[in-house]
Amino acid sequence: MILKQRLNEIDLAGRFGDAFKIQQKPVVETLSTGVSEVDALTGGLPRGAISEIFGPASSGRTSMMFSMLAYATTHDEVCAVVDVNDTFAPTAAAAAGINFDRLLWIRCGGSLENAFKAADLLLHAGGFGLVILDMADVAGNEARRIISSWWYRFRRTVENKPTSILVMSEDACTRSCAALTLELNGTPEWSQASIEQSNVVPMCKPVKRAAVTQGNLLRFNSIKVSRQRPLSPWRNENEFRAYRAS
Amino acid sequence: MFACIHALDLAADLSLPEFAYGFSPVVEEAGGRTVVIDVEGCELLFGSAYQLVTDVSRRAREPRANGGLESPVNVAIAANPDVAIHAATRLKGITFVAAGEELTCLGEFPIDALEFSLVNIEKKLADELFETLRLWGIRTFHDFASLPVSGVSERLGQEGVRLQQLAAGKTERHLKVKQPDPVFAQAVELDHPLYELEPLSFIFARLLNQLCATLNAYALATNELTVHLQLEDKTSHDRTLSLPHPMRDHKVFLKLLLLEIEKQPPQAAVKAVAITCDPVKPRVIQNGLFVPLAPAPDKLELTLARLAKLVGDENLGSPVLLDTHRPDAFSVKRFVVDTGSAQRKRRRSTGRRQSAIANRKSLGFRMFRPPLRAVVQVERGLPARISAWDKQRSLYGKVVNVAGPWRTTGDWWRDDRWARDEWDVAVETGKPGSERQAIYRIYRELNNGAWFVEGNYD
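Protein chains in written order, with the numbering used here: chain A, 1 to 246; chain B, 1 to 458.
Among the clues, some could well be false.
Said to hold, decoys possible - In the BS3-like style, the derived pairs of lysine-lysine whose C-alpha atoms are separated by at most 27 Å in a straight line are: (1) B:Lys255 with B:Lys333; (2) B:Lys299 with B:Lys263; (3) B:Lys176 with B:Lys251; (4) A:Lys117 with B:Lys255; (5) B:Lys281 with A:Lys161; (6) B:Lys92 with B:Lys176; (7) B:Lys309 with B:Lys333; (8) B:Lys309 with A:Lys117; (9) B:Lys271 with B:Lys309; (10) B:Lys271 with A:Lys117; (11) B:Lys176 with B:Lys281; (12) A:Lys117 with B:Lys281; (13) B:Lys391 with A:Lys117; (14) A:Lys117 with B:Lys263; (15) A:Lys117 with B:Lys251; (16) B:Lys263 with B:Lys234; (17) A:Lys161 with B:Lys299; (18) B:Lys263 with B:Lys333; (19) B:Lys255 with B:Lys281; (20) B:Lys255 with B:Lys309; (21) A:Lys161 with B:Lys309; (22) B:Lys263 with B:Lys309; (23) A:Lys161 with B:Lys255; (24) B:Lys309 with B:Lys391.
No lab work stands behind these hints: they were computed from the structure.
Small disclaimer: the values here were computed from a predicted structure and weren't measured.
Throw the hints in and build the complete structure from the sequences for me.
Laid out in C-alpha cells, this is it:
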C-alpha cells in the first residue's frame, strides 16, 4: 500500500514536474536592529519583507528606530525615513549615533498619501537597505483605514530585494503583510532622582538630561513578537499530505 | 596622394587650415604656414589633381571676402606627405612629384633643408647628425639617400636611418588630422510655438539623444545641463540641472528635465530650444565586494527629483545639525551617496563609531513641529495638569512625575532669541488610576509665560 502510494507520488512528480515538489525556502537574510536582546528574540529585521513596530506613545518605538538606523548607517547601508508628521528629531538622532550621510529624510507634512507615494518611489528605486515609514503619530483609526492593497504592493515590490521596510505606528495596521510584528508595551520607568533635582535651576546653558528616564526606554518595556506564516491554502503540512493522499 | 599648401605671406587673422578644409576634410597642420591635405577621393569634386592644385592656387589669391588668402601659395602633390612638404616649402608655384621620382625632384636640396621634426628627431641631435654628414662630404638629399643603409645605421643609429628615409622620400605615415573642437550643444528653432509640455518633450528627447551621442563619442559625461527656452513673448526661460555625478544617459536626462520644467514651467509658448552641457570625465568606481549595494546614481537622481516634486525640495535630503544651542536647529542638505575616497575614509572610522554606538544609550525623542500650545496648571511651582491640542494630536492628563526646570537662553542680541524653562513630565494618558504614562518635554516661554509641548520621549 505504501509502495503504491510512493509510486503514485513519483508518477505525479514526473508528470507535473515542480508543481508537486515542496520548495525549499531560501534562508531569510536579516538586518540587525542594533539591540542585542531584540536580535536574540527576533533574529533581526527580515530583508525583502515588511516589519512593523507598534505601540503607544513612550513605549520605545523611536528609540528602537534610532537604534536600527544607527546600526544600519554605520554598516554602509543607505537608509530612508519617510516622516509622515515631521517628528524626526535630528539632535536626538545624532546623539544615537546615526550617520546622516547615509540617511535620506523625507518630510511629508502630515500627508499620508504623499508618504505612501514617497515610500513607493523609494522601494522602486532600489538599493536602500532600510526604508522606515514613520506613522507613529497617525491616529490608530486613520492608520487602520489604509487599504490593504498598499501593503500588498509594498510587499510585492521588495520581494527578492535586500531592502527591509519598517512601519512604525500606534496600532497594528499592516495586517497579514508584515513578516515580523513587534508590539511594544509597558510604562517607562521614572527616575526618582530626577524629581529631587527639580529645584535646581541651571542657568543660561542647556544641560544634559540623561537621568530623566534612565537611558533606553526599551529596557523597561515589554515586547511581543508575532510572525506571519507563508501564505498557503493548507494550514499545516499534515493537511497538505492528507490532500495529496486523497 | 597628398597635397601640401605653403603660404608665402599669410595675414595673422587668416587661417590656412580653414582654407584647406574647403578642399578636403583630412587636414594636417605642418607649421604656421603649411598644411597637408589628403586629396584621395576629391576627383569627383575638383576633377584631376592638376585641376585641384590649380584651383587651390587660384582661390588662394582671391580676397578674403571670397574665402581666399590674398596671397600666392606653393602647392605640391606627391604620394608621400613628407615629400609634398619638402617640395612645397622649397619650390615655388605648383609641383607634381610622381611616385618613385622623389629624388629626381628633391635630390638637389641641401641636407640642411631636411625637416627633421617630421621623423621625431630633436633639434640638438639633428644638428649633430647634419654636422657629421657635412664632415663626410654629404651635401644634398641625393648624396644622403645614396649611402648604404647598414653603414648609416652603424654610424648614426636609428635616427640616422629615419633621416635618410626622409631624404629619400620613403617614409610611411598617416596624417595627423586636426579634429575640429567638439560642440556639446544642441539647438532647434520651431516653426510654430509650443504651448504644452508633451510636444516639447519630443524636442528635448531628440536634442538630448544627439547630445549624449556626442558625449559618448568622446567618452565623456556631464554633470551640468543647461536648457535655454526662447519664449513667444520675447523673453527666455533658463533651467540648469546640476547632477552630483557625471552621467550620459539621455533617458534619465529627459525625465529629470521634464520634472524640472514641470516644477517651474515657462510663462509663454516656446519658440526655440537650446541645450548645452559641460563635458567632464565619466565617473569610474570600483565597489567593494562586501559593501552593501547603494542606489544606482541615475536612478537615485530620478527618484529624488520625483520626491522633490511630491514633497518639495525643502522637505527632502540629509539632516545637518547647526552649530548652535538653539533647540531643534537643523538644516537639510542634498542627499548624495558618497563613494570612493569618502567611503574609504568613512570605513576607517566605522569601527570606532560602531563600538561607540554599542555603548550608547539612545533615547528616542519625537519633535512636534510646530510645538503644541498647552494649558498647564501649576501647583507649588510644578506642572500638575496639562491639556494641549491641535488638528493632529491632543494631550490631556494629570502630571504624575516631573523633572526640571532647565533654563535655556541664547542669541539675546538677535530678534529671534530664545529663553525658556524646560520640564520633562510624565502624563497619565490612560484612564485615571491606570499605569499608562507617556513622557513629554514641555517648556514655558520666559518672555510671555506661554506653555508649549515640544515633543515626547519614545
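Query raised in the report: Which of the listed hints are broken here?
Result: Failing hints, ascending: 3, 5, 10, 12.
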